Structure formats: structure tokens, C-alpha cells
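We have chain A already, so just place chain B on it with the hints.
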Amino acid sequence: MLLERILVGVYLAACIGIGVGVSKRVLSSRDEYWVAGRRIGTVVNSMAIMAALASGGSIIGVMGLAYAQGIPATLALFGGAVVGFPLASILVAKPLRNFGKFTITDFLSFRYPHAVVRYLVPLLIVVAFTIYIVAQLKAAGITAEALLGIPYNQALALATVVFITYVSFGGMVAITWTDVVQGVLMVFVVLGTAAVLVWRVGSPAEIMSQATAVAPELGQVSHMPVSGYLGYFIIWATAIPVIPHIVMRVFTARDAESARLSLNLAMLVYSAIILAAVLAIVPVGRIDFPGLQDADELFLRVMEVQFPPVIRGIAVAAVLAAVMSTTDALLLACSSAIAHDLLGGFLQGRASERTMSAVRVGSTWVVGIVALLWAFAPPELISEFYTAGVGILSASLFVPTIAGLWWKKANLAGGVGAVVSGAAVYVLVQTGIVDVGLAPVVVALSASAAAMVLGGLLGPPESPEMLERIGALHE
Amino acid sequence: MKSFFPMRRGEGATLVFLVAFAAFAFVPAWRTVELWGMAVFGWLIAALMIVSPALALATFLAERGGRRAREDSAGDVGTGPGGGAP
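Chains A and B supply the protein sequences, listed in that same order. The numbering used here puts the first residue of the first sequence at 1, with every later residue one more than the last. The numbering used here puts the first residue of the second sequence at 1001, with every later residue one more than the last.
So that you can see chain A by itself, here it is in the shape it has in the complex (with noise of 0.2 Å):
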């Protein structure tokens, strides 16, 4: 285990040396720390879109999910985000960019000017992406402990320490750099690994019949009731367009063009990797460990057996790799929700810059340290988890953001309405509270909708000239 060892320190250490190295830079300017100045081109932020999202639930746990529960519910749940990436590019990156802010809580509370909204909406980002933080710990945690020998726990405070230092330090500037190399990878190792795996038994569908013919549950949809996948697709789809981490990243480019076909150009690769995962290395692996405890060990164990260590070392950066860079924008994210939604607003004017850095790196270490504390004790089926964390975020904010971006009759009510009703009926639904026999996202949604369609209608109607305003993003 060597050499894995070594190859894993290597890359460690290259992410904290991008982020201290450009930490002097990005410390000293709100812009740099929170949107890179704006200036990311358009591979470079196509690469670290797909980084961003690929995470640890997209090797790790999209194998584990569809090794549990089959390979149609798998393509339901990232299919959704698939199909979440064009409505992103179509309804939200372009008005959103020219909008010219740092978070999509800028957004709804401008539109939006309340009190509800600028407090609810950071602290469901919060809650929901220390969620999604944890499950990508786990990963981390049970990669490291079973390829590299290190024990969980102290995989885990590793992993963290590291990804806690260059992200504080190196803001959106380290994430982009580090997500660019971390994409990389990931696509090498997957998309490799399934072209070898491929080449040795014959095709695609070669692969799904052997597999299927000893693991006929693999290929059926019997796993739960068809409200659940349609939930894990709808999940996914309105997730997309306003998820914080995503929505960032078209802070950061260069324009509206560019944020929109970085968009495009994410989606096409982060299909392939899916793809490649579910219809290639999980039929192998169900027919090679029939009965493992921990589906999420998938991956780990195909490697440990069709691969030599060079390889299952480089393995371990992937998935190591896809763990860092999602959490990393994740704690950006968390980080922006606490020093610059939720405190920004109070502190500016009144603290020095140098106080506010304090802020940011602090909510950073806060955040992470919070995350690792819950990791200790993971749930099962990470990307189960941490979907049922990103529900709220995709029910109480995209029916606002789509109709204050899109309907000339959202109006404060609607808003407010919407985001507090969406997140409300999501939270009753979810947690078995009220039990309507839909998926909680269909039910939370529904109601967000309604909100916003009650209040547009019967609410004053918006003012000419934040109308004004809003048809000037669309320019």
C-alpha cells in the first residue's frame, strides 16, 4: 500500500500548495475569495462544474445505489441532474450572471426583499449542504480505509484538515484549480476503468445480460414505488438550476455566454461518467461480489480485483478526488451562506476587511469541523442521504427563482410563500409527518407553486421597476 500511499500524499499536498499559494490574492478581495474575479474561461469552468457535482455520491455512491436498488432507480436519480444542467442554461445562467452577484440568496432577497428570505434561505443551504458535506466524508473515509489501510476516523480528519486549509485559504480560486485537476482524473479513472472492463467481456449490453442473468433485480424496477423514482428525478432536475454550489460557479464566469456553455459542456461529460459507471463497472461488480454489506464498497472492490496498485492507487486519488472537489464548493457554499448572507449585511461598513477575511475563513473551519464530527457516525447509502438533503434545497428554492426570474406577476407574497411552504411541506412529507403516498419533492414543490401563484395573483403586483430591472437580466 505503499505506493498508493505515496500517490495520495502527493496529490494532498498539491491541493494545499494551490491554496496557500494563491491565498495572498484571493484573501484580500471578496470578489476573488467568493467568485474568482469573475474571469474563469469556459473549459476550465466546464471541467470544475462537472467536478463540482461529480462527487464521492457519483463513483462511490452511484455504484453503491445502483448495486442496492438497481440500475433504473440509479438512472432516475442522475438522470434528473442530467436533465437539471440544460434548464440551468436555459432559465437561470445567463440572467443570473448579468444579476453579477456571489450567491443565489443575492438573488431571491433582492427580488424577494424580506426578512424570511434573507434568513431562511442561508440557513436551509446551511443545514442541507452539511448534509451533502458528511456523505461526501464517508466516502472519503471508507476509500481510504480500504485501499490505502488507514482507519476511518483518522482518514477522515485527514481528508477534512486538508480540504478545510486550501479552500479557507484559497477561496473560489484554489475549488476552480484543484476541481479542474480532481475532473480530470475522475473522467480518466471512470471512463478507463468501464472501457477496460467493456474490452474484456464484449459490449454494454453483453455486460448487462450476464449480469442481469444471475442478478435479475439489477435491471428491474421493483425497488420502491414508482413515486420514488419519479422523486429522485424531479429531486435532481429543479436542483440544479439553483443549487448554491452550481449557481456560484456561473458567478464566476467570464459572461453569460460562457457561464452558459460551460453549462452545456459540464452536463455532456458528467453524463458519460454516469453512464459509464452504472452500464459497465456495477454489472461487472454484481457478479463478481454478490453479497456486500456496504453497497458503497462497490467500486473499491472491483479495483482491488481487475486492477495492480498503480492503477488502484490512482483509483483512490479519483475518488478522493470527486470527494474534494465537491466538498470543497460545498463548503464555499455553507461558508458564503454564513460569513456573506447571513453576516455580510451586518458586518459590511462596520468591520475592516481584515475582519471580514477572519469571518470567511472561520465559517469555513466551522462548517467542515461541524461535518466531521457527524461523519464519525455516517448513515447508510450516501447518495440517498444527501439527495434527501438537496430536496429542500430543490423545494423551497426553485419555484422562486424560476418565476422571479421568468413570471412578471412573482411578487413579494409569492416569494416568500413560495420558499417557506416548499421548504415547510418538504420537511412534513419527508419526515413521515404527513404521509400523502407522492414523493415529498412532488408534494413540496406543488405547494411552493402554489404559494407563488396565490400570491402573484391576489398580492400587489411587483413594481415597474424591479420588472424593469429583471427584463434588463434577460438583455
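Read the hints as simulated data drawn from the structure, not as lab findings. This structure is a prediction, so every number in the text was calculated from the model and none was measured. Some clues are possibly wrong.
What the hints assert, rightly or not - Here chain B is said to cover these stretches of chain A; the calculated rule only asks that three of the stretch's residues, wherever they fall, bring their Cβ under 8 Å from a Cβ of chain B:
| hint | stretch |
| --- | --- |
| 1 | 74-80 |
| 2 | 405-417 |
As the list claims (entries may be wrong) - The calculated label-pair distances, taken between Cβ atoms and stated as ranges, are:
| hint | chain 1 | residue 1 | chain 2 | residue 2 | range |
| --- | --- | --- | --- | --- | --- |
| 3 | A | S28 | B | L1035 | 51 to 59 Å |
| 4 | A | S463 | B | G1010 | 27 to 35 Å |
| 5 | A | L158 | B | F1004 | 45 to 53 Å |
| 6 | A | S203 | B | A1058 | 26 to 34 Å |
| 7 | B | L1035 | A | E465 | 54 to 62 Å |
Claimed, not checked - Over the 12 Å line for every Cβ pair with chain B, so calculated as not near, a few chain A residues:
| hint | residue |
| --- | --- |
| 8 | V196 |
| 9 | S352 |
| 10 | L454 |
C-beta atoms are modelled at their ideal positions from N, C-alpha and C, and glycine is treated no differently.
Frame of chain A, contents of chain B only:
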């Protein structure tokens, strides 16, 4: 006053097509019919994952091409012989 801010026709058509494709994939009949061991529902979603990014990219590039052509022709009118603002 129209209730919505205007959207380009190609973009609207792309959204409608993708929603229709997704709805077609979720038709109940595809859950029980199998192909190469997997429910057709799964294959349709896999196809959607290829069609969706390809179509969105094609729509974007076509619109960008059209916009640039219009800008070029507007520039030619402004700078060419006999052109210029009135």
C-alpha cells in the same frame, strides 16, 4: 402586458422536448418490458442522458451562430462602403 419575459423559440422547444421525453420515459408500460435484462424505463433514461446534453449544446451553438451572423451583418452595414448610421 404579457405575463412572462420572452424566451427564444429554440430554447423553449428544447425544454418542451426534454420534458416530453422524460414524461414518455416514466410511462408505466416501460417498467415491466425488459431489454438486455433491464427495464426499458432504464434504457430510456440512459438515452435521455445522452440526448439532453447533446440537444442543449446544439441549441446553444445554433443560437450563438445565428446571433454572431446577425452581428457580423450589422457590422458590415455599419462599416462597409455606402454603409453607416443615417
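Hint check results:
Residue count for the stretch 74-80 of chain A with a Cβ under 8 Å from a Cβ of chain B: 4. That meets the three needed, and the coverage hint holds. Three residues within the 8 Å Cβ limit are the bar, and the stretch 405-417 of chain A against chain B gives 5, so the coverage statement holds. The hinted window of 51 to 59 Å between S28 (chain A) and L1035 (chain B) holds, with their beta carbons roughly 58 Å apart. The beta-carbon spacing between S463 (chain A) and G1010 (chain B), approximately 32 Å, falls within the hinted interval of 27 to 35 Å.
At roughly 51 Å, the beta carbons of L158 (chain A) and F1004 (chain B) sit within the given window of 45 to 53 Å. Between S203 (chain A) and A1058 (chain B), the C-beta spacing of about 27 Å keeps the proposed range 26 to 34 Å intact. At roughly 56 Å, the beta carbons of L1035 (chain B) and E465 (chain A) sit within the given window of 54 to 62 Å. For V196 (chain A), the requirement that its beta carbon stay farther than 12 Å from each beta carbon of chain B is met, with the minimum near 20 Å.
A cut-off of 12 Å between C-beta atoms confirms that S352 (chain A) is not in contact with chain B; the least separation is 41 Å. The Cβ of L454 (chain A) lies farther than 12 Å from every Cβ of chain B, with a closest approach of about 15 Å, so its non-interface assignment holds.
In summary, this structure violates none of the numbered hints.
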